[in-house]
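Undergrad: Sequence:
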Amino acid sequence: MKILAITSCPNGIAHTYMAAENLQKAAAKLGIEMKVETQGSIGVENQLTEQEIREADGIIIAADKTVVKDRFVGKKLLVVGVQDGIRRPEELIQRVMKGNVPVYQAESRTSEASSQENKPKQNPIYRHLMNGVSYMVPFIVIGGLLIAIALTIGGEKTPGGLVIPDGSFWKTVQDIGSASFTFMIPILAGFIAMSIADRPGLAPGMVGGFIAANGSFYGSEAGAGFIGGIIAGFLAGYVALGIRKLKVGRALQPIMPIIIIPVLSSLIVGLIFVFIIGSPVAQLFEALTGWLAGMQGTSSILLALILGAMISFDMGGPVNKVAFLFGSAMIGEGNYEIMGPIAVAICIPPIGMGLAAMINKRKFAPAEREAGKATFTMGLFGITEGAIPFAAQDPLRVIPSIMAGSMVGSAIAMLGNVGDKVAHGGPIVAILGAVDNVFMFFIAVIVGAAVSVILVSLLKRDIATANPAVAGEETSGNSAAVTEQSTMTTTAAESSASAIAYNEPEVSSQAIHIEKLTDIVTMDLINLDLEGTTQDAVIDEMIGALERNGAVSSASGFKQAILDREKESSTGIGMNIAIPHGKSEAVLKPSVVFGLKRSGVDWKSLDGSEAKLIFMIAVPRNSKDNAHLKVLQMLSRKLMDDHFREALLAVTTKEDAYELLSQVH
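Here my numbering is used: the first residue of the sequence shown is 81, the next is one more, and so on.
If you're looking for bench data, these hints aren't it; they were derived computationally from the structure. Be aware that one or more of the hints could be misleading.
[What the hints assert, rightly or not] PhoX-like mimics (lysine-lysine), calculated; alpha carbons at most 25 Å apart, straight line:
| hint | residue 1 | residue 2 |
| --- | --- | --- |
| 1 | K82 | K718 |
| 2 | K82 | K156 |
| 3 | K115 | K178 |
| 4 | K596 | K684 |
| 5 | K710 | K647 |
| 6 | K82 | K109 |
| 7 | K105 | K734 |
| 8 | K684 | K718 |
| 9 | K155 | K115 |
| 10 | K156 | K115 |
| 11 | K639 | K669 |
| 12 | K115 | K149 |
| 13 | K501 | K441 |
| 14 | K178 | K155 |
| 15 | K115 | K596 |
| 16 | K710 | K639 |
| 17 | K109 | K718 |
| 18 | K639 | K684 |
| 19 | K115 | K105 |
| 20 | K156 | K105 |
| 21 | K540 | K453 |
| 22 | K325 | K156 |
| 23 | K327 | K156 |
| 24 | K156 | K109 |
| 25 | K684 | K647 |
| 26 | K669 | K596 |
| 27 | K684 | K441 |
| 28 | K105 | K155 |
| 29 | K710 | K115 |
| 30 | K441 | K718 |
| 31 | K734 | K669 |
| 32 | K105 | K718 |
| 33 | K325 | K149 |
| 34 | K734 | K718 |
| 35 | K115 | K82 |
| 36 | K82 | K155 |
| 37 | K325 | K155 |
| 38 | K178 | K149 |
| 39 | K540 | K647 |
Assemble the whole structure, with the sequences as input and the hints as a guide.
TA: Shown next, in the form of structure tokens:
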């Protein structure tokens, strides 16, 4: 008998390889041939081939994030969480051997197959939303930055706004950026729908997103924006999922995923938008425009507050467009003091969220902090859409925060008689000389952004508690759409689970070549008799060894990286093992400290066991390769060997420990 398996965890590190190792060991014990594909942070390793899949008697997926199953159609497929792969590998294999596993059908999973999958602890609505956001982000970045660059270098002031001359090079650059923006809403909706209904949901989601973004389908100049895209995505996903569950004859089954589901779902979603959702929205916006026109004069401060709220509510969506078009119309009538507050409000959401993400490590994951830099830059050029990824991830906290900031900024601008002669916003229009009372313009932007930063910092929960299901690689039973990144790890946006791409700073760093653990472990970094009786004391003791060995320049700096990682989730992975790790500028060279605490120390491990075998991994912040991931992978696999753990616990000399550690490769 031949069985295949796939293992994967949210961050793609420890549990991915622990599950793989245990499954392989259990298969060897039962006399079963097994190959395991790992989908970790380094990428797909040991990939299953088409021939191997054809010859397999069954497949096990032990994963806590989305794994594409299309290649397993017609095969017996058991889907469980990664923890089951670690703790119950023999039981899983025996279930496949006994045939107690459903056959996977792409077009309609049986209820039995669905019941096999662990229910994610993470909110599924959040998971689907984050899947769409992760794919949408690159389009926002491309469009926003290209348009900003084109406006800055090639833009010319005209009564109708900043205009780039037709036929110029910078007009082409602007058009490329605009093209990227046109994909933003369809991509968001499409991948939300795909997260719900798998691939049959992708096409109807994108069709619905396109209709949501183009109000011409239902008589609206502005369209439904990213909020409409979210509605379209969920609508398309659940419609497609409902059609998938319909029982059909054998003759129709092959064409369900490629013809019937996409066509019917697209038609249903499109008709709902055109005839039910779109028309009322268009009428609402027309009424809003007329109401705003009657609020000038004595109601100017109230008007500024309303315009600021509208601009930041949906960041480029229909509500935003109504306010923007109203301000533009006032420019045509020679009234520049309406566009002034709007120009301030336009840039506060991205500037505020960019600053909040960059300065508040407790509230934002490293990937979000990196994305904050691009968001802040977009704000400088008046690209409100730069704040959309943050608003889409946490709308109930982010949107009120940026609305409050924009309202304050708009009111200050109105009181300060800030005018804007071009239909655009952000500091770029002040630099180009289009703003009256530049000093008050910047005061309004600074105060408004500060209000947004303060409010979002107060409202957002710490990342370790806000979404514990994706806080670290040790958490089990969740299905992350966006892959969050710990202090130690760098991850790519997956389905998943999470994603905004994160890259290390481009600074010079020597490549780290590690073939085995002892390449970065010396005798001086082995301590067989740790004295600390608490987790904090043991951490200090092990960092002291790194400092004495010249591996870190600042003990306190590296300790902060370790503690930040522990806040996300415990690095006590169970079975008396803890692997604290940190990536910090205080680390001068990659190193691993091995410590033995025979009496054990409380490390808040998942299985409740005290940590006795403790490995502390230290990696420089500017490492360009994935050496740290390889170390975690090697350790995770080897520490699943019961005999190896027992041998480590029994060592009496550093020489014996070093010899054992040399087996970790």
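Undergrad: If you draw a straight line from the CA of K734 to the CA of K718, is it 25 Å or shorter?
TA: Judged against 25 Å, a Cα distance of about 19 Å means the pair holds.
Undergrad: Between the alpha carbons of K156 and K115, is the straight-line distance 25 Å or under?
TA: holds (15 Å)
Undergrad: Hey, K325 versus K155, does the alpha-carbon distance stay inside 25 Å?
TA: Holds, at about 19 Å.
Undergrad: Take the C-alpha atoms of K734 and K669, compute the straight-line distance between them, and say whether it is at most 25 Å.
TA: holds (22 Å)
Undergrad: Within 25 Å, alpha carbon to alpha carbon, are K105 and K734?
TA: Roughly 29 Å separates the two Cα atoms, so the pair is violated.
Undergrad: CA of K82 to CA of K718, is that 25 Å or under?
TA: OK: K82 and K718 at ~24 Å, within 25 Å.
Undergrad: Between K710 and K647, is the straight-line Cα distance small enough, at 25 Å or below?
TA: Since the Cα atoms of K710 and K647 sit roughly 23 Å apart, the hinted pair holds (cutoff 25 Å).
Undergrad: With the threshold set at 25 Å, check whether the alpha-carbon distance from K155 to K115 stays at or below it.
TA: At roughly 16 Å apart (the allowed maximum being 25 Å), K115 and K155 satisfy the hint.
Undergrad: What's the verdict on K710 and K115, does the C-alpha distance respect the 25 Å limit or exceed it?
TA: holds (20 Å)
Undergrad: Holds or violated: K115 with K596, Cα cutoff 25 Å?
TA: Holds, because 23 Å separates the two Cα atoms, which is no more than 25 Å.
Undergrad: Tell me if the straight-line CA distance from K178 to K155 falls inside 25 Å.
TA: Holds. K178 to K155 sits at ~14 Å (cutoff 25 Å).
Undergrad: What's the verdict on K115 and K82, does the C-alpha distance respect the 25 Å limit or exceed it?
TA: Cα-Cα ~8 Å, so holds.
The structure does not agree with the numbered hints 4, 7, 13, 30 stated previously, though it agrees with the rest.
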